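Colleague: Please take these sequences and the hints and turn them into a complete structure.
These protein sequence lines are chains X and D, in that order. Read in order, the letters of the first sequence are residues 77 to 684 in the numbering used here. Read in order, the letters of the second sequence are residues 77 to 684 in the numbering used here.
Hints are computed from structural coordinates only; laboratory data are not their basis. The structure displayed is predicted, hence computed values, not measured ones. Using N, Cα and C, we set each Cβ at its ideal position, and we do this for glycine too. One or more hints might be untrue.
Quick list of in silico lysine to any residue cross-link-like pairs, SDA-like style, CA-CA up to 20 Å [said to hold, decoys possible]: (1) X/Lys568 <-> D/Glu548; (2) D/Lys568 <-> X/Ile538; (3) D/Lys630 <-> X/Gly572.
Simulated coverage check for chain X against chain D, where a stretch passes if three residues somewhere in it have a Cβ under 8 Å from a Cβ of chain D [stated by the list, open to error]: (4) 109 to 115; (5) 401 to 415; (6) 522 to 536; (7) 571 to 584; (8) 673 to 680.
Partial pick of chain D residues on the chain X-facing surface, computed with a CB cut under 8 Å [to be verified]: (9) Pro411; (10) Arg417; (11) Asp419; (12) Phe432; (13) Ile525; (14) Leu536; (15) Ile538; (16) Ile547; (17) Val562; (18) His652; (19) Leu655; (20) Ser676; (21) Pro679; (22) Leu682; (23) Lys684.
Protein chains: 2
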Amino acid sequence: MILSLKRFLIGRPLKTTEAGEQKLTKAKALAILSSDALSSVAYGPEQILIVLVTIGAAAFWYSIPIAIGVLILLSALILSYRQIIFAYPQGGGAYVVSKSNLGINPGLIAGGSLLVDYILTVAVSVSAGTDAITSAFPALHGFNVQIAIVFVIFLTILNLRGVTESASVLAYPVYLFVLALFILIGVGLYRILTGGVSPELHTPIGTPVAGISLFLLLRAFASGSSALTGVEAISNAIPNFKDPAPNNAAKTLMMMGALLAILLSGIVILAYNYGITPRAEVTVVSQIAEATFGRSYMYFFIQATTALILILAANTGYSAFPLLAVNLAKDKFIPRMFLSRGDRLGYSNGIIILGFASILLILAFLAETEHLIPLYAVGVFVPFTLSQTGMMVKWYREKPEGWLPKFIINTIGAFISLMVTLIFFITKFSQVWSILIFVPIIVFVFHRIRKHYEDVGNQLRIQTCEASMPIEGNVIIVPVAGITTVVENTLKYAKGLSPDQIIAVYVAFEREDEKKLEEKWKKWQPDVRLVTLHSHYRSIIKPLTKFIDTVEHKAGEANHQVTVVIPQFIPKKGWHNILHNQSGIMIRTLLMLRRNVVISTVPYHLIK
Amino acid sequence: MILSLKRFLIGRPLKTTEAGEQKLTKAKALAILSSDALSSVAYGPEQILIVLVTIGAAAFWYSIPIAIGVLILLSALILSYRQIIFAYPQGGGAYVVSKSNLGINPGLIAGGSLLVDYILTVAVSVSAGTDAITSAFPALHGFNVQIAIVFVIFLTILNLRGVTESASVLAYPVYLFVLALFILIGVGLYRILTGGVSPELHTPIGTPVAGISLFLLLRAFASGSSALTGVEAISNAIPNFKDPAPNNAAKTLMMMGALLAILLSGIVILAYNYGITPRAEVTVVSQIAEATFGRSYMYFFIQATTALILILAANTGYSAFPLLAVNLAKDKFIPRMFLSRGDRLGYSNGIIILGFASILLILAFLAETEHLIPLYAVGVFVPFTLSQTGMMVKWYREKPEGWLPKFIINTIGAFISLMVTLIFFITKFSQVWSILIFVPIIVFVFHRIRKHYEDVGNQLRIQTCEASMPIEGNVIIVPVAGITTVVENTLKYAKGLSPDQIIAVYVAFEREDEKKLEEKWKKWQPDVRLVTLHSHYRSIIKPLTKFIDTVEHKAGEANHQVTVVIPQFIPKKGWHNILHNQSGIMIRTLLMLRRNVVISTVPYHLIK
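Modeller: Set out below in structure tokens:
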């Protein structure tokens, strides 16, 4: 039943050889990997204005130069990641680039930040999208957490089904959002150019403003650059692209950069010309849409696609997290279960754990994750800085033909990313300090895991030089609970192994039981020695392990192997198990963890 | 660490032979087994007045004849249960009495109702006590659920420590409560008799009242009889008494009956003479205490002991539930785990499950369990009726010397109990209908469990006539994941068993792995046959079970036994397990449930 539910939700299993069919075309990849970056348009420009409004509406013209700064940063990042795609066609991303050029620890810092960041992406994006929906339908207020969790579960199932199928579903909202904003920007610009918008609404560019400071402008710039979260997703996901993967990925990246630049500039220009002031209850995009179209169908279309793309932005996390986890698991820094592909060839464990962690985060913050946004942005810019510094080192070391322009691009990118990171730490320390604690802990855990895998590897490696002594005999211990067909079946098996000795052990709680069993046993199995142990404290395990220790000690001296053969009846139906004490299972678990004896279970299947 | 926490909470384990020392004296038994019955005084009289107030304060004099009716019912119940104690000195209770005189199903109905009822006792009493506390300390309002759960956990731990130790702690509040009410009633009566209370406050007995009806009076009587819940506890717990157990239990029961009668009459008389009207926010006992002492220390002393005894009333459930469970488990109607005694000789499983179920109930009803009280009363009166009808049948059948008075006592008891039950169903059907659904389900489950145990018993019984054929040979299958010391160790063990055949099986996901391993294997273990299976769907289990089926089929024809020997390394620390996929455990579980093969696990303990 569970199996058929699973089939229904995620589809039939796919053969390993079907992997190629699951690859992404450019159009689908753009939809699946850029929803995070594109959705940032919905809040990036607003973040700039929120900082500037502390001075006054006269300062709004600064949003234009600041947006130009963000666009320069965007170009630097896009160009830099384009270079990474070709340099690391197996899926680069900050972890691989930092690790191979800067060393293990910078790589782990980048990888650890990103792992956490993808969880934040899912939690923050889904919560923001849910907010947009519950703002539109106030009756749903109070169910934010439940709705957000349903969306996370929905995205998790989609991703377990596989990337292509997710892409088909996810492509429409992304393209509809782009279409909606294009119409908005087109109509808005037309109205501005034809004089449909009063030029008195905004202060001309260059007007001197009292109280403006470099600190404030930098802060506005840093806030605005939160619109760039998500641009690294494509470079992580190159293996998901159709061949030739790097070329397709690079083209998709450029396309995403162009779309992002157009949408960002458009929104900033419209907001400036309309003289829009950020307000708590209505978003900037919503104000622009209302100013352009009034509360028409077009307005609701823009709002709806914005809400949708915010939820789908979470999907970027689902594409990137499992692949990053694979890279970390290959290097043995995280558990190896992240390496195995599920029925539909996705890295199911990564997908499930991401979904689970996001739900926990949503529950912990009750879907009110606004104050996680700066943390989330820092979590992106730290790996940005590291990966671009890594690329600088790479170009400088390898010096391939025409390396200088590439070096310069990455240097600019690294410098701006570092500046943004520093500005975040300086201006919003109270919201981002926790990353200084979490990332070192994560890196420490990575190292511990790696160390354990190496220890295990060394212990499992065959030392061909030393030949171990063969076993010279067998002693079999059979714990029995009475004279039953299950015990009979087990003794038959034990005798079939023709061991040197079979000892049946009975643990008695009452003296009378002891005697009764001993008498019956003599008649029933005269050739098998029965040892009865008395338990004062009504525990079976303690007297048994004590006895086994004694036997094992003697056997070890004679180089005999001790096997504990446990009779176990298997009820016909699962629920029957709660009706039986099943001491067998407990005995087996405890013995295996502590003693050096082989545990055999002889099943006896009940037929009704 | 878990072990030492357990030691700290519940104390050192006790030997089975120490059981006698844990028995109860009469004084402790009275405290431990009557808190439920005595605490009912805190709400029983109030329930009568709440019904009468619907007619008007003039009808309050009816509380006196109604209370007399309740006292008659109480006497009938006490006398009847006294007879049960001597007739069933091993611990009677409604289940045993109904089963042996009326048959299995009436017994199961009584047992099932009581099992559920004891859970209700705990949940309702603890919630009511918590309400009393949070009424006194309004700052704690809003934490009702948490406080109630803490009390349940506290009571569970106390009972796991053992009955004697619980009794020592619980005796004080019960006796303090009795003392407090004795002082209250004494001072109150003195004031009434000396004319300190105005006689104008109440209508004289016998005044005609407009609108009174038999239905209403019966309803008031049924409500008042909810004060009698808990009187059956002593007859269930006879084995907990010091020898001579039945005599001691009977004396304790009479003592409890006397105390309950005095307290009940006292409160009703005071309420009538003071002319007290039930109010939503202040209990009747609280009003009486305030009218007698004002808001003095004495008032708070009465309130505090009332709150305490309500919480301790839950303890009756802890005494009775595990013993009833033992009786049901001995008859194989519930899982046999309820038969085993814990470290401190209490029936720990019953205690833990009772605690757990009560917490679930408290969480489900958020500690607002008031509307469960009628259900709880019906759950008591159904077994009351059944057990007394059972006693009637017993006397009539056996006709021992002087049986007639006994028969009459039980007949009166059975009749009144039946009437109360019917009145509950007629007047409060909307609150008690669910018992008509739950009890049949419980009885059905009891029968299913009994049937299963009988089936298993038949299958486990040795049929001496047929001698089974001995096993003629052994085939060993070793699933391997590579060439490691763990596999080497396992193969050494397998060879030590000198089987007819050893087959190593490797499940490959990639063709290259397959070839590489085959080549290495030939050099490493040339004498062990290696079979490689290819898995298209990246599952180890499916190809493996298919292969084992084939081998088993062949082996079965030759009367050979198949043993699957699983190499398993045991990491040094528990947390390491999450770093390994441990397919071994999954293979073992699945094979054991479905196939008729012996599963051996050869542990290889890692040293770091």
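Colleague: Each hint should be assessed against the structure and marked as holding or not.
Modeller: Quick rundown of the hints versus the structure:
| no. | hint | in the structure |
| --- | --- | --- |
| 1 | X/Lys568 <-> D/Glu548 | 10 Å, holds |
| 2 | D/Lys568 <-> X/Ile538 | 13 Å, holds |
| 3 | D/Lys630 <-> X/Gly572 | 17 Å, holds |
| 4 | 109 to 115 | violated (count 0) |
| 5 | 401 to 415 | holds (count 3) |
| 6 | 522 to 536 | holds (count 7) |
| 7 | 571 to 584 | holds (count 4) |
| 8 | 673 to 680 | holds (count 7) |
| 9 | Pro411 | 5 Å, holds |
| 10 | Arg417 | 6 Å, holds |
| 11 | Asp419 | 7 Å, holds |
| 12 | Phe432 | 14 Å, violated |
| 13 | Ile525 | 6 Å, holds |
| 14 | Leu536 | 4 Å, holds |
| 15 | Ile538 | 6 Å, holds |
| 16 | Ile547 | 3 Å, holds |
| 17 | Val562 | 6 Å, holds |
| 18 | His652 | 6 Å, holds |
| 19 | Leu655 | 5 Å, holds |
| 20 | Ser676 | 4 Å, holds |
| 21 | Pro679 | 5 Å, holds |
| 22 | Leu682 | 5 Å, holds |
| 23 | Lys684 | 5 Å, holds |
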